[in-house]
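Q: Here is how the chains run, residue by residue.
4 protein chains.
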Amino acid sequence: MMKLSRFLNSNRNALGKATDVRDGSALHALTFQAGISTGGKSSIQDRVFAPYSVFKGKAALSVEPVLPTFSKFGSGNLRVDRRGSMMLTFLPAIGERKYDHEKRQKFALSATEVGSLLSMGPKDSCEFFHDPSMLSSNAGQVRKNLSIKPHADGSGYFISLSVANNILKTAERFTVPVTTAEFTVLKTACSFALPHIMGWDRLTTPVPGTLASKLSKVDPQMPDLEWDK
Amino acid sequence: MMKLSRFLNSNRNALGKATDVRDGSALHALTFQAGISTGGKSSIQDRVFAPYSVFKGKAALSVEPVLPTFSKFGSGNLRVDRRGSMMLTFLPAIGERKYDHEKRQKFALSATEVGSLLSMGPKDSCEFFHDPSMLSSNAGQVRKNLSIKPHADGSGYFISLSVANNILKTAERFTVPVTTAEFTVLKTACSFALPHIMGWDRLTTPVPGTLASKLSKVDPQMPDLEWDK
Amino acid sequence: MMKLSRFLNSNRNALGKATDVRDGSALHALTFQAGISTGGKSSIQDRVFAPYSVFKGKAALSVEPVLPTFSKFGSGNLRVDRRGSMMLTFLPAIGERKYDHEKRQKFALSATEVGSLLSMGPKDSCEFFHDPSMLSSNAGQVRKNLSIKPHADGSGYFISLSVANNILKTAERFTVPVTTAEFTVLKTACSFALPHIMGWDRLTTPVPGTLASKLSKVDPQMPDLEWDK
Amino acid sequence: MMKLSRFLNSNRNALGKATDVRDGSALHALTFQAGISTGGKSSIQDRVFAPYSVFKGKAALSVEPVLPTFSKFGSGNLRVDRRGSMMLTFLPAIGERKYDHEKRQKFALSATEVGSLLSMGPKDSCEFFHDPSMLSSNAGQVRKNLSIKPHADGSGYFISLSVANNILKTAERFTVPVTTAEFTVLKTACSFALPHIMGWDRLTTPVPGTLASKLSKVDPQMPDLEWDK
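Chains as they are written, first to last, in my numbering: chain A, 1 to 229; chain B, 230 to 458; chain C, 459 to 687; chain D, 688 to 916.
Hint data in this document are derived by calculation from the structure and do not stem from the laboratory.
Please note: incorrect hints may appear among the correct ones.
[Said to hold, decoys possible] Straight-line alpha carbon distances no greater than 30 Å define the calculated DSS-like cross-link-like pairs of lysine-lysine that follow:
{"id": "1", "chain 1": "D", "residue 1": "K759", "chain 2": "A", "residue 2": "K56"}
{"id": "2", "chain 1": "C", "residue 1": "K645", "chain 2": "D", "residue 2": "K785"}
{"id": "3", "chain 1": "C", "residue 1": "K556", "chain 2": "D", "residue 2": "K810"}
{"id": "4", "chain 1": "A", "residue 1": "K187", "chain 2": "D", "residue 2": "K759"}
{"id": "5", "chain 1": "B", "residue 1": "K327", "chain 2": "A", "residue 2": "K149"}
{"id": "6", "chain 1": "B", "residue 1": "K416", "chain 2": "A", "residue 2": "K187"}
{"id": "7", "chain 1": "B", "residue 1": "K378", "chain 2": "A", "residue 2": "K187"}
{"id": "8", "chain 1": "B", "residue 1": "K378", "chain 2": "C", "residue 2": "K581"}
{"id": "9", "chain 1": "D", "residue 1": "K745", "chain 2": "D", "residue 2": "K785"}
{"id": "10", "chain 1": "C", "residue 1": "K530", "chain 2": "D", "residue 2": "K785"}
{"id": "11", "chain 1": "C", "residue 1": "K645", "chain 2": "D", "residue 2": "K759"}
{"id": "12", "chain 1": "D", "residue 1": "K874", "chain 2": "B", "residue 2": "K416"}
{"id": "13", "chain 1": "C", "residue 1": "K581", "chain 2": "B", "residue 2": "K352"}
{"id": "14", "chain 1": "A", "residue 1": "K56", "chain 2": "D", "residue 2": "K874"}
[As the list claims (entries may be wrong)] For the chain B half of the interface with chain A, some residues (derived, Cβ under 10 Å), not all of them:
{"id": "15", "residue": "V283"}
{"id": "16", "residue": "L296"}
{"id": "17", "residue": "M349"}
C-beta atoms are modelled at their ideal positions from N, C-alpha and C, and glycine is treated no differently.
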């Protein structure tokens, strides 16, 4: 088991001083680790690691958009192949500013779940249930439950993830308190990311003068007109 | 008649398990069908199919921006040829999680109508009337009416489309209840899309060092100055 | 004098039917005219004409961002040469759905004035004064005054422009009522355009592996660090 | 010492008239100076100078995003190397519309501190403390304190920076009153800039048909799936 804490410790020795996870280099260690542990599967793909991370006493929460994938069909058209999401990753603390990357758990917010988060007022709460094996024979064996609940004094929220795994006979729970400032970053960043995880940033107009636009003049009745059926 | 339901059924057989339309592959089936049925008209154009879809008991609603088209005039200038819109597509349910793609009806929200939607508070409602044949001899023969009305308990909205066609002697009505979370996705995505359907994402600055910027120095009085007439 | 109305009339004859200015082709006529009348000055530059236009009984209002211009200095750095603005163009009505393009008046909102507009609640008003000749010997000869005032019933705003020209001995006043929906389009579009008229969309990161990023490693103390003086 | 005031004075002589710092050319002088004084360190890098500046009686405040830097790791992946920020630069006034560029002080808002600013209502205040030497032997020697406090009448905010330097035995304080309109520009521009300083604008989807997307089909289990550990 390769723990992030070990990496942070060696990092500390190398620099000859204490390392705060809020410092840039520790963040890089965290994302670097993530890169190594998953890199084996898709090492050719250019990926950008730029999570927004909140490090708290009992757990850390890292948020990052996952963009949709597209596939071609017909003569050059694209359709969404796998829809994007906002990926929340929780890591348990195993000491002061040490988090266990091996024990991380993930929860992928869909576009509509992001809409729930965006519509939350300071006293609102919300809760989502996921079954990662929903359509397989393991349906119901793993249950994930994400809840966002306001602090009593309105100064932020508790974001909690529970994972009950009947196969491994495990039950885990992570709770990360986030301040209003941190939640505002999440909302603003999710609002930016939402059209991207929906694939709407890929919609393009035919440029005048190209073959496509000339052909479209042969039949000016474009397929998207309101009265077209 | 090629119904979506048939496609979903075959999909179901292929996978050997029940298919939920909320699952990614069913969404692809839906957009794939859309691609086939309209592809004959503009098959050369690269189009991206990334609708935001809400599947409910009696009907489904699918929303997607339609970007404006531009044409050239003068020496390289562009003007908006056909203005963009937010296209709403309604499909009636014909069984559990089966929707009839052949009976779909469309309603294209203009930029100002998108402004109405964006300005709606939780208790507001709005209503739009369209006549697709407004300027032709068929004016008044087809009447479309879109209404957005809040749930009594403030938990979302009913989005309804009525289409009365005097020529075909038909009258159809679709009602899709959307939750606050789904409506927030619509608002956030429409807010992102609005400048795009207006064509404002195409406005560009001359890059220093190019011919255009050099010529503009010959006459520093640019055409857009406030006191220029 | 070439009036837009004449163009609209000929357009009407050509199509053999009434032309509503809300129809796409009339909008094109309007922007097309704008292109012709100013094209003589900067005909080489690729410009995109995509104004958001509101046509009302006594006047029309057309809004469009004007992007900043940049110039180079040092070894490849760019600075803002002329700051961008939101350009408001008013045209008086000279008949039913006919607007006199020759008598148009412009008012360019600065970034901070756009901030005023964005911060307006439904009962707020604001007012701006411009002197296009502020720093010249004609200072005080032309005075422009833009005011935005809420409707008594909260259903929108009156946007008015007064232009008093002491040299030409003229005084003009345009008032365009805009609905809440139209004002929401303006706010959403201005919010999108603001970073662009400020030039913030041009800020870029050095790409790893390029000369610039290698050189920056020679001196890791980047110029923008907080403790750099 | 090369003061901005001297530059403005010569500028004034050259133009033969008074120069208002709100005028474009004076703004350029300001950013131009900034370019010269820091250019020696990174003169090869293309930088864009487009600060949003507020010039007031006792001090000026200039705000500009600083984008993150990335480094490569593994086979083409990118990670954030130094996180971005919103850089606030304060300059003391040394006469009517004259600001001393040499005596400027900077304060870099992190993403979460930007979240605090974005979540502020008209009566809210916030305060941040920075120690630029936090992790070095000089820790505690320089203390920076930024506060944002509302005007009593709700018409804007006071933005103040205090810098106490125990090494140089100096203590400086800058206070810039900003109007609601100016603060709205800051909020809107920070909201635009936030995903950029987080590096989220660099997240990209593999394009269908490329090597990366083909390889990802060999192992359809992408690394970001929720149930991937």
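Q: Run through the hints listed earlier and report the numbers of any the structure violates, in increasing order.
A: Hints 2, 3, 5, 11 and 17 not satisfied by this model.
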